[in-house]
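Novice: Protein sequences appear in the order of chains A and E. Take the first sequence: its position 55, counting from 1, is numbered 55 in the working numbering, and each next residue is one higher. Take the second sequence: its position 41, counting from 1, is numbered 41 in the working numbering, and each next residue is one higher.
Watch out, some of these pointers could steer you wrong.
30 Å max Cα-Cα, derived BS3-like pairs, lysine-lysine [stated by the list, open to error]:
#	chain 1	residue 1	chain 2	residue 2
1	A	145	A	31
2	A	31	A	8
3	A	8	A	214
4	E	48	A	145
5	E	48	E	21
6	A	145	E	21
7	A	24	A	8
8	A	24	A	214
9	A	8	E	21
Note that these hints are calculated values from the structure, not bench results.
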Amino acid sequence: MCGPEGMKITEAELEEALDSRSDKLIYRILKEARIGIAGLGGLGSNIASALVRNGVGHLVIADFDVVELSNINRQVYTPAHVGMEKAPALRRILSEINPFCEIEEHVTRVTEENVQVLFGRCDIVIEAFDIPEQKAMLVNAVLEKIPSAIVISGSGMAGYGNANAIQTRIVNRRLTICGDGTTDVADGVGLTASRVIICAGHMASRAIELILNKETAIKE
Amino acid sequence: MKKEVILLVMINGEQKDCAGKTVHSLLSSMNLDPKRSAVMIRGEIVPKAEYDRILSDDDDVDIVGFVGGG
Chain A
1 MCGPEGMKIT EAELEEALDS RSDKLIYRIL KEARIGIAGL GGLGSNIASA
51 LVRNGVGHLV IADFDVVELS NINRQVYTPA HVGMEKAPAL RRILSEINPF
101 CEIEEHVTRV TEENVQVLFG RCDIVIEAFD IPEQKAMLVN AVLEKIPSAI
151 VISGSGMAGY GNANAIQTRI VNRRLTICGD GTTDVADGVG LTASRVIICA
201 GHMASRAIEL ILNKETAIKE
Chain E
1 MKKEVILLVM INGEQKDCAG KTVHSLLSSM NLDPKRSAVM IRGEIVPKAE
51 YDRILSDDDD VDIVGFVGGG
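Excised from the complex, chain E in its bound form (with noise of 0.2 Å):
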């Protein structure tokens, strides 16, 4: 049987299960492009080299999305 696994990670403030999940497919379960998007974890930013790594339990992320205009 397949063991379910919960994670619960604050993303722009609001408690989210993020199990398994990447930065790059957190950014793509919202619908948003990395290219026009920043992303920080406690506080710091992510280099979009980094987009694979795994959530983990303490993390508090931060997401912007960009939209044009200016």
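The shape of chain A in the complex, shown without the other chains (with noise of 0.2 Å):
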């Protein structure tokens, strides 16, 4: 693979590089994980590009939207992505970040019907929608079809308000949700990059800590 100065990385050197940041185990694990992303907006996009950094090996990743000018304010594209659809646009970016990574692209919309057949294989499935009609469907869907995967949502990450007001909050043991919990985008406050990414962070966060520590409850 060749980066932006033609520096050919191997999958083993990137692999080293990734380890001696962590424990050998702990990149096999996560490089072993498979989680699907349901939206690639503000969160969805920058939840995958910490997904890849982290090292997890396999990301499915669903949007039916094209990439706008006003999306860049927040999302990980650039104003060259401008007019392509999200999922390509965002597995060329992951793969310019971790080009071992296995990504599968869909540009459809996610729908009750087709929840199981796009993430059926997913320990993990995260619903980065913005309308929340969208999200509850998500949920609830993912939960109802598909009985082994854990579900993170995100509900609140608008306006400028205090960051620490956007939390993790673990329902149950399938399902986590992170935001605020109030700020709705419907209200005209706007979304911004900082607080988006934050919130993201916690969705990225709660996922890695899902996988390492339902590996460990495996192996007790």
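Put the two chains together into one complex, using the hints given.
Specialist: Rendered as structure tokens:
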């Protein structure tokens, strides 16, 4: 693989570099993990970027939408991606970060009907939509139709308020909600990179924590 | 004389009197729109078609209402 300056990177070299920052076992567990992300906007694109940097080996990413200039304020895309479908644009960005992460992209609207086909093999499914009805649909559908999957969802990250209001709420063993729970984009408060990235960070961190703890629990 | 019935159910970790309440009426009392919510009872998701279910004694209910933005 070639970096921007033509530097050739082998998978072994990248693995070693990632290893040096963490434990070999942790690296291997993350490499085996498969995480689904529904919605590739402010939350989804930033979560995906964090997960591939952390060394998660398999991502399933889905969005029907196209990158617009108004997305650049908080999503990982650049003006060069405007007009591209989000799923292939994001795959390209993620492959540049970590060329050895397997990324399955779907340019499609996620519905109750296709949720199992898209995310049925995922250990964790991350809800990263922006419309509340869609958020509820995805969370309900995954919990009903994919009994083995754990769901992480984002609710409340709009506006310019206190960053510490954004938290991880573990509802139960199958559902975690990140966000402040109240700030609604419908109130006209807008969405900014700083707050959206914090929420995305909470969601990605929870995914990593669940994957590592689940493995530990299996061994015990 | 009307007999007073009290049914204490855990709602998001807090005990509340839910005598005679269904999932639907519980959401209404919390000003939550069923289309923007997820309800789990004893860790299991409640399908929307079962929102007329009357809450019972050992129910431990988790309710999530979603707001927009992502």
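Novice: List in ascending order the numbers of the hints, as given earlier, that are violated by the structure.
Specialist: 3, 9
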